[in-house]
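In our numbering, the protein residues as written are 13 to 745.
Accuracy of the hints is not assured; some may be wrong.
Unchecked claim - Pairs of lysine-lysine residues, derived as DSS-like cross-links and limited to a Cα-Cα distance of at most 30 Å, are as follows:
id: 1; residue 1: K426; residue 2: K577
id: 2; residue 1: K247; residue 2: K71
id: 3; residue 1: K426; residue 2: K442
id: 4; residue 1: K504; residue 2: K618
id: 5; residue 1: K269; residue 2: K157
It is worth saying that the hints were derived from the structure and are not from the lab.
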Amino acid sequence: MKKKRSLARLFTVLFILFALVTTVISGLMTYHSQTETYHAEVVSDLQKISSNLVGMMEKEGNYFSYLKAWFSEHPEDLQVPTDFRDDLPEVRQAFYEYMSIHYDGRIPGVSINVSELDREAMRLYMTWRFEYWFSVFLDATEEFKLSYIYFIYPQEGEDHKMIYLFDPSMENIVETEDGRQLIIFGDQVYEPLEEHAYMWRTWETGEEQYAVDSVDNEYGYMYTYCQPLVVDGEKVGLLCADTSVDHVTAEIRSGVKNQAFAAAIVLAISTVILYLLLRDRILRRIVRLEQNVEIYSENKDPAFADEIRKKSGPYDELGSLSERFADMIGALDEYMVGLQKITAEKERIGAELSVATQIQADMLPRIFPAFPDRNEFDIYASMTPAKEVGGDFYDFFLVDDNHLGVVMADVSGKGVPAALFMVIAKTLIKNRAQMGASPSDVLAYANSQLCEGNDAELFVTVWMAIIDISTGHGYAVNAGHEHPVIRRKDGKYELVIYRHSPAVATMEDLHFRQHEFQLNPGDSLFVYTDGVPEATDANNQLFGTDRMLDALNSARDGTPEDRLKSVKEAIDAFVGDAPQFDDITMLCLDYMGPEKEDSMLTLDAKLENLDTVLAFVDERLEGLACPMRKKMQIDVAVEEIFVNIVSYAYGPEGGTATIQVSTSENPDAVSVTFIDSGMPYNPLAKKDPDVTLPASKRKIGGLGIYMVKKSMDDVTYVYENNRNILTITKNLD
Numbered sequence: 013m014k015k016k017r018s019l020a021r022l023f024t025v026l027f028i029l030f031a032l033v034t035t036v037i038s039g040l041m042t043y044h045s046q047t048e049t050y051h052a053e054v055v056s057d058l059q060k061i062s063s064n065l066v067g068m069m070e071k072e073g074n075y076f077s078y079l080k081a082w083f084s085e086h087p088e089d090l091q092v093p094t095d096f097r098d099d100l101p102e103v104r105q106a107f108y109e110y111m112s113i114h115y116d117g118r119i120p121g122v123s124i125n126v127s128e129l130d131r132e133a134m135r136l137y138m139t140w141r142f143e144y145w146f147s148v149f150l151d152a153t154e155e156f157k158l159s160y161i162y163f164i165y166p167q168e169g170e171d172h173k174m175i176y177l178f179d180p181s182m183e184n185i186v187e188t189e190d191g192r193q194l195i196i197f198g199d200q201v202y203e204p205l206e207e208h209a210y211m212w213r214t215w216e217t218g219e220e221q222y223a224v225d226s227v228d229n230e231y232g233y234m235y236t237y238c239q240p241l242v243v244d245g246e247k248v249g250l251l252c253a254d255t256s257v258d259h260v261t262a263e264i265r266s267g268v269k270n271q272a273f274a275a276a277i278v279l280a281i282s283t284v285i286l287y288l289l290l291r292d293r294i295l296r297r298i299v300r301l302e303q304n305v306e307i308y309s310e311n312k313d314p315a316f317a318d319e320i321r322k323k324s325g326p327y328d329e330l331g332s333l334s335e336r337f338a339d340m341i342g343a344l345d346e347y348m349v350g351l352q353k354i355t356a357e358k359e360r361i362g363a364e365l366s367v368a369t370q371i372q373a374d375m376l377p378r379i380f381p382a383f384p385d386r387n388e389f390d391i392y393a394s395m396t397p398a399k400e401v402g403g404d405f406y407d408f409f410l411v412d413d414n415h416l417g418v419v420m421a422d423v424s425g426k427g428v429p430a431a432l433f434m435v436i437a438k439t440l441i442k443n444r445a446q447m448g449a450s451p452s453d454v455l456a457y458a459n460s461q462l463c464e465g466n467d468a469e470l471f472v473t474v475w476m477a478i479i480d481i482s483t484g485h486g487y488a489v490n491a492g493h494e495h496p497v498i499r500r501k502d503g504k505y506e507l508v509i510y511r512h513s514p515a516v517a518t519m520e521d522l523h524f525r526q527h528e529f530q531l532n533p534g535d536s537l538f539v540y541t542d543g544v545p546e547a548t549d550a551n552n553q554l555f556g557t558d559r560m561l562d563a564l565n566s567a568r569d570g571t572p573e574d575r576l577k578s579v580k581e582a583i584d585a586f587v588g589d590a591p592q593f594d595d596i597t598m599l600c601l602d603y604m605g606p607e608k609e610d611s612m613l614t615l616d617a618k619l620e621n622l623d624t625v626l627a628f629v630d631e632r633l634e635g636l637a638c639p640m641r642k643k644m645q646i647d648v649a650v651e652e653i654f655v656n657i658v659s660y661a662y663g664p665e666g667g668t669a670t671i672q673v674s675t676s677e678n679p680d681a682v683s684v685t686f687i688d689s690g691m692p693y694n695p696l697a698k699k700d701p702d703v704t705l706p707a708s709k710r711k712i713g714g715l716g717i718y719m720v721k722k723s724m725d726d727v728t729y730v731y732e733n734n735r736n737i738l739t740i741t742k743n744l745d
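Turn these sequences into a full structure, and let the hints steer you where they fit.
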């Protein structure tokens with residue numbers, strides 16, 4: 013038996029923890045609030061100070077740029093003493109005297125350009141300006157109680173290295189022979205990007221960032237604010253201001269400690285008072301109720317409910333709890349009897365559902381590889397039901413040796429009714445397809461059968477296709493189902509979106525729209541039910557088709573089984589512990605095509621694809637060592653026939669054309685076959701034009717196909733399976 017813990021002791025511990033946590037949180041919030049306030053004030057002050065100084069520098073215009081350029085070229089000419097403030101009037105006077113003697117007293121920027129000064133005049137002028145600006149920076153530093161103000165610019169050819177044109181630390185001092193101490197400018201310092209992100213961003217953008225870098229180094233914990241100096245659209249450098257935050261931080265912490273101590277005392281007194289009140293009015297009654305519950309748990313006597321009601325005390329929340337517990341004792345006996353009956357019934361239903369699940373699974377093709385003796389394609393499928401018995405299903409089967417049927421479907425509803433409807437729909441679709449019907453005829457037949465006696469008003473969305481294995485040409489019907497996904501060779505998986513027909517069994521006498529498609533060797537097809545994109549996580553966010561495509565593309569170099577596993581793993585990772593609300597069914601087909609897969613090209617019948625067709629034919633003619641004259645004749649014929657398909661075979665919706673290059677039994681002859689699904693038309697049935705007549709008297713049309721017949725050794729036409737098939741043959745000898 014477990015050792016009982018004192019509830020009074022637990023309450024005491026909880027009250028103490030509450031007081032401690034409240035004190036700590038209050039202190040942290042106060043510290044955080046004061047720190048943020050101070051940080052905002054520091055940024056504002058530094059911005060104002062630096063803006064004022066940059067404004068002063070901008071008034072000098074290009075002369076500050078001259079200052080920087082001159083220093084870069086003549087650092088040895090700059091001699092600024094450590095007592096530069098005292099030296100400033102003298103060097104300024106020396107400059108004006110020199111200008112008076114050598115330049116008739118002309119003033120740079122007024123009556124003479126700085127670039128016209130000789131080296132000595134330039135040295136005096138630059139020394140004066142250096143001492144002036146150094147004085148301005150140090151005066152501002154002292155007046156506003158800052159740590160440093162300095163001017164820097166990046167070192168060319170060096171990553172994250174700054175040149176300190178004005179170094180406020182004055183650490184680099186040299187003593188001359190006459191005993192003077194001179195400041196060495198131009199110190200190069202590595203400023204890492206991770207510590208000075210805003211500094212480097214200010215330089216790169218040339219714009220003020222209104223934020224500070226926090227740096228903790230040998231100079232202390234600093235806030236650094238940088239503002240760019242831009243003259244005539246050219247970045248000159250950065251004016252930076254540092255302020256120390258160590259002292260203010262210490263003051264903030266001291267205030268927070270005092271406040272936290274006072275709050276702790278108040279909370280401690282309040283906690284003691286609250287505990288004494290709760291012990292008499294609540295804790296003792298809880299202990300008494302616990303003792304009554306323990307007595308009932310030992311003897312299970314329903315009559316003990318009256319004893320609990322007598323000792324319940326005032327009718328407040330605890331009194332109500334005692335009354336409810338007494339009522340529960342009587343209801344518990346009734347519940348236990350009913351629970352035994354329900355448990356037995358659930359066990360019986362569970363056994364039946366397990367049998368139904370196994371029957372349903374056995375109806376779906378689950379042995380892979382499904383067609384081990386067929387190298388033209390590889391197929392894999394899976395279904396994960398949301399309940400023991402689901403309403404989704406897939407199917408694939410050979411209609412004959414050259415045609416593959418593929419089905420992906422989703423029955424409305426879940427559980428046993430959906431599963432029974434699924435069995436009937438699957439059987440109707442497969443049986444009708446194996447009788448040689450087209451996909452549209454198959455679904456029309458299934459629709460008429462399923463509508464009979466459909467009192468439950470169930471329906472099924474279906475995507476069905478029948479694919480010619482030798483050519484990859486297929487016909488598909490989408491009856492209210494999800495859009496299929498196709499990956500072209502060396503490409504990515506993409507949705508194929510087109511208009512749907514209504515779902516099967518929604519109403520009688522439906523006709524289903526059928527469209528054709530083409531799979532070329534190396535292409536891949538993926539179909540699925542809505543349980544994939546509509547998988548939902550705990551926040552009711554949908555998995556979506558974008559994540560589905562990403563999962564497919566991440567495994568596009570694998571097998572169909574690898575891609576289905578990739579999608580399922582992505583769904584599981586997305587939904588986490590959220591329950592599965594819908595069946596997840598997927599099928600993937602890789603089409604490899606017949607052995608001579610590189611001798612066939614299928615593409616949209618558009619004029620801009622003419623060059624692609626000619627390049628495809630020429631590449632294969634070169635492999636056959638076709639003479640140039642015959643190659644040109646074949647190219648002219650190919651262009652004439654393809655342009656005719658583009659212009660006349662289809663309506664505004666357009667279509668595809670297939671071009672196949674092959675050699676006959678005679679290796680010295682080559683054939684080019686054109687296949688389209690446009691309106692039936694035999695160009696060979698048209699009467700040849702009378703070329704002996706002048707062009708003005710001949711009827712328009714027919715001349716192109718006439719030239720094809722004359723330049724080729726053989727031209728044939730047939731119309732099979734709703735397709736125009738025109739073949740031209742040219743002897744190569």
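Practice task
Determine which of the earlier numbered hints do not hold for this structure and return their numbers in increasing order.
Solution key: none
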